[in-house]
Each structure stands twice: as C-alpha cells, then as structure tokens.
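Chains as they are written, first to last, in the working numbering: chain A, 13 to 131; chain B, 13 to 131.
Derived by calculation from the structure, the hints in this document are not laboratory data.
Mimicking DSSO-like on lysine-lysine, the simulated pairs with C-alpha atoms at most 27 Å apart in a straight line are:
#1 A:K111 / A:K73
#2 B:K111 / B:K67
#3 B:K73 / A:K21
#4 A:K21 / B:K15
#5 A:K73 / B:K15
#6 B:K73 / B:K111
#7 B:K67 / A:K21
The chain contents come next:
There are 2 protein chains.
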Amino acid sequence: MDKVNLAQKFSMFNDFWSPKIVGELNDSHVKLVKFKGEFVWHHHETEDELFLVIKGSLLIKLRDQDIFIEEGEFVIIPRGVEHLPIAEDEVQVLLLEPKTTLNTGNIDNERRVVDLEHI
Amino acid sequence: MDKVNLAQKFSMFNDFWSPKIVGELNDSHVKLVKFKGEFVWHHHETEDELFLVIKGSLLIKLRDQDIFIEEGEFVIIPRGVEHLPIAEDEVQVLLLEPKTTLNTGNIDNERRVVDLEHI
Numbered sequence: 013m014d015k016v017n018l019a020q021k022f023s024m025f026n027d028f029w030s031p032k033i034v035g036e037l038n039d040s041h042v043k044l045v046k047f048k049g050e051f052v053w054h055h056h057e058t059e060d061e062l063f064l065v066i067k068g069s070l071l072i073k074l075r076d077q078d079i080f081i082e083e084g085e086f087v088i089i090p091r092g093v094e095h096l097p098i099a100e101d102e103v104q105v106l107l108l109e110p111k112t113t114l115n116t117g118n119i120d121n122e123r124r125v126v127d128l129e130h131i
Numbered sequence: 013m014d015k016v017n018l019a020q021k022f023s024m025f026n027d028f029w030s031p032k033i034v035g036e037l038n039d040s041h042v043k044l045v046k047f048k049g050e051f052v053w054h055h056h057e058t059e060d061e062l063f064l065v066i067k068g069s070l071l072i073k074l075r076d077q078d079i080f081i082e083e084g085e086f087v088i089i090p091r092g093v094e095h096l097p098i099a100e101d102e103v104q105v106l107l108l109e110p111k112t113t114l115n116t117g118n119i120d121n122e123r124r125v126v127d128l129e130h131i
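Can you build the whole structure from these sequences, using the hints too?
Below, the structure is given as structure tokens:
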C-alpha cells in the first residue's frame, strides 16, 4: 500500500483546471488540481465538493457570497450551489468529490475534462 | 457558507483518539483527530478510510507493512485491512470516511467513541 505525498504529486503536472486523480475511497476520488485565473460558473446536481487549499489562495464566488480560502483551509460546496473558482495567482487544491463529478458540473464547454489522468 | 481553518479547529481540543467532525459531504464526514501513543488493531468492514497528516508524523502498521506518513502525506486504508495507528509524538490528522465509520472499527472496547462532537 502506498502513501501519497502531495508536494511530489503537484510537481508532476503544470496544467491548470485539469484535476488528476491521486486516490479513491468508497464512492469518491481524491484529486489534485492547479488553478490560475477564472473558471466558469457551474453547479453539481448531486455531488457535494470539498476544496482544501494546499498552497496559495483561492476565491470561490457564490451568487451571494465570496469565500477566500487560504492554505490549510477548506470549504464544502453543497450540491446545487452555483460557484465560480477564481485564483489570482496559482493555487494548489485538493478536491474530494464523488467519482461521478465533472469539473464543470452542469456546464458542457471547452473547460470540461472527461478522462482524468491518474498520477 | 463557512470555510474551515484546520489550525483553528485543532486548537479547540486536546484529547487524543477522539475524532471531531468538522464537515460533511455526500455520505462522508471530515474529522480532525489528535493521536499520541498506540491505538488498537482494528479494521472497518465496509469503509475505506483516508488519513492525511496535517502536523507531525504518523506510523500506520499493517500486518505486512509499516507506513510512515509525514506532514502533507496521506494514505487510504481500504475496507477489511487491519491497521494500527501509532504516534510517537502528538500528530494532527484529518480523516475522511463514511459517516457510519467507528474509530475502533470491529473492536468494541474502551477506545471506541460513539457520539462524536461537531466543532
């Protein structure tokens, strides 16, 4: 059984907005992703999603609230809640979400990533 | 919607081996726990369990392997796999596991915690 070192995994990729799978447990995936810039407003119909900031700062805009998440902080976005991740500078994020979760949720555009890499 | 700051939450308790619930998503709880010393061999019949070390060093013994987990590292112990957490010094750990998970798994002894505090 292998442990996962987050820094080592983050060093393996440089693309933004493209989550990599680094673990699976129960019905969920653990993913690592780098964000930079602004994503797209979306929601997930049936999945709650956890964002844990490992390095940097992340803004998640909701329709009625801005949430600033720093290193060592997480937020859980419940299913159905529209959100927009924004990273002024590069941020490293650990995601935890059901295996069914698509990064763009209800939005099918060029930002959608369907076949996630396992690293 | 509130974010969770891990260091702030860890500052709220000092007891060992007593996980606190700091978030829920889908069918799972996010828990924080401090370990010090040796726990008890156990397994979980139907739940996979993630241990992410936030501060300190954790040894998880399996029957055929020792896994040393440092800050910024995690391991997923699959259901059915016997394990024994050992912390030589205090370690702060984030757990992710199904809401049904008991800390002592198949072992019902004085270390079992049934009513977990939400902090």
